[in-house]
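Go ahead and model the full structure; you've got the sequences and the hints to work with.
Heads up: the protein sequence lines correspond to chains E and V, in order.
Those letters in the first sequence? Residues 0 to 182, by numbering that gives the first Met the number 0.
Those letters in the second sequence? Residues 0 to 182, by numbering that gives the first Met the number 0.
The set of hints was computed from the structure by calculation and includes no laboratory data.
Relax, there's no trap hidden among the hints.
Copies of the same chain look alike in the list, so a pair counts if it works inside one copy or between any two.
Taking lysine to any residue pairs in the SDA-like style, the calculated list, with each CA pair at most 20 angstroms apart, reads: (1) K101 / W146; (2) K31 / G7; (3) K3 / A94; (4) K123 / E69; (5) K3 / L92; (6) K152 / G78; (7) K152 / T130; (8) K172 / R112; (9) K31 / G4; (10) K172 / Q157; (11) K31 / T8; (12) K3 / L86; (13) K3 / E87; (14) K3 / F36; (15) K152 / R112; (16) K31 / L86; (17) K152 / R105; (18) K104 / I85; (19) K3 / K31; (20) K101 / Q2; (21) K172 / D59; (22) K123 / M167; (23) K3 / T90; (24) K3 / K21; (25) K3 / A91; (26) K66 / I51.
Please read all numbers here as calculations on a predicted model, not as lab measurements.
Here is what each chain is made of, one letter per residue.
There are 2 protein chains.
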Amino acid sequence: MCQKGYEGTSMNDIAEAAGLTKAGIYHYIRGKEELLFEIMTYAMDNLEERVITPAQEITDPEQRLRKIVEGHINSLLEGVGAITIILEEMTALTAAHRRTIKARKRAYFEIIRQTLQELQAQGKLRDVDLTTATFSLLGMILWISRWYRRDGKLSAEQVLNDYVVIAMNGVLKAGGAVSKRQA
Amino acid sequence: MCQKGYEGTSMNDIAEAAGLTKAGIYHYIRGKEELLFEIMTYAMDNLEERVITPAQEITDPEQRLRKIVEGHINSLLEGVGAITIILEEMTALTAAHRRTIKARKRAYFEIIRQTLQELQAQGKLRDVDLTTATFSLLGMILWISRWYRRDGKLSAEQVLNDYVVIAMNGVLKAGGAVSKRQA
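Structure representation (structure tokens):
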């Protein structure tokens, strides 16, 4: 599905990839849409477990933002990345499933926005709109799954460090500037 | 095609949207793939005319980068945006068409990367990899077409200004800091 796109993938392809007959695959999933929903749910569970929950334990908004940015980038670099592209296939979902996934994405968006709002209250945010800033961070981060190749020239560590520098300095004032992490 | 995605769009849909019969539409285009290629060509022509060519006349790399970022964002905000999503349907193209579009995207990427390299030589770029920085700018910018709605709360002017602040400060050192444009 990551290779062919949702529309381009048949139940035959799915059965073949799973090493099952077409009859066999229906024992596990009712159809393509259900599989799509399960993959999205898995991706959101992963994000929640690895990024959202740990970040929410951090009181300081600057550290929290850094944790979110780092955690999300890390999960993309490690290869859950391809799933991110699948997460955009919202129109293929049933209305009920779409509502569920949309609500989870929205909740994640709000956590970032809220963190930026706290930074704004502390005078650390640049003079930018909170919604625009949140989307610019998300766009920058989510795009990673479209270009980063683990067998390419850049190490995950390098990309992570550089992205954190660009993302944090993009939205935060120079006073609270972010430099490279100590290796 | 923007609404239904490339795979989800039939020649019937295209004929209907164009106010033609299915037989009539084949008078103008040979098929879906050709239309897709024409749309992508149009989007790249537009980018070239409005962003790349004017930017290349600017000698100072900081001003050139600003011109690219502003120009690209502006074209997305004005609604050529939906086309940007179509530009990702690379696998649907024939091999020859894919090579053509890929080369044009690559050329655009190289112009940004080259500009960042000149800024690096001037000591103005943050300590980040040129490829990573280029992709982070592109991701941030291209994502706009996925969330910005012209009938929403945020004006195009606001979004443009904030994005320029975030993008330029993300990659450039605080010394050459970028503040809001004078309205």
